[in-house]
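J.: Going by my numbering, the first residue of the sequence shown is number 252, and it counts up by one from there.
Honestly, the hints are just simulated from the structure, not real lab data. Since this is a predicted model, take the numbers as computed values, not measurements. There's no promise every hint is true.
Below, in silico cross-link-like pairs of lysine to any residue (SDA-like), each with a Cα-Cα straight-line distance of 25 Å or less [stated by the list, open to error]:
no., residue 1, residue 2
1, 363, 310
2, 416, 436
3, 308, 334
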Amino acid sequence: MRRRSSARCLPSVLPLRRRISSSLATSQPAAAFGELSHNTHTVTLDVPHREAAYPYKQIYRSRLIKIQAPLHVKGEGILMIDSDLNLLKMPEINMENGHFYSSFRQGKMLAKLAGAVQDSIHAYYQLSIRPYLADHVNVAYLAATRQTWQRVCPLWLALFDDTWKLMNDSQPPTDQLPLACLLDLLDLRTVNLGEWANWPVSKRIGGKHGVIPVEVVGAHGGFPLSEWQNISTIPASL
């Protein structure tokens, strides 16, 4: 299993398919990951540390790495996935500029601000729309063109840092809340690729033997290798 403080980006020509190279963005040196496949390269990013008393220092740094990862890869079509999401087949996405492609999930992002002191809630959240919607993009699986990522990442980083520097530290810093807001600010369209793109292994199978459906493109779950072997090697006929 890769470290939590990492994100993977899979760049290619449009549409996203055929020849693929991958990048692993991390705060760790490349040597920490051992021998990787010949088409995978490691990008080590130097991100700042939060103050010693902050309870979510590692999570905060991992979010900073993830938000910047797409800027450090080549290709015109870039898919960014979490380090615990396993691609079982290469997706084919005919991307357009100004669009974000993801697997949607349920839950209003504004709930993250529930109970917060009013003065700590930034005005840009109150004026946006997407944070109030139940359906929103899942940041574990995000695809967009290089041009779109170049617009998104700098603002995403700024809003993330601005949001969680002002908010109290009663909850882990999520990157989905500022992303929901900036999609409005940049007037980007979002496309739901469906659950097969980001299939929740732990929710569907739990800790028991099971079969991943053949339709699954991305299997998401922080299982140990032995558990993945249990899930992946059982014949589909069982």
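J.: Confirm or reject each hint.
T.: Checked hints:
no.: 1; hint: 363 to 310; in the structure: 16 Å, holds
no.: 2; hint: 416 to 436; in the structure: 20 Å, holds
no.: 3; hint: 308 to 334; in the structure: 18 Å, holds
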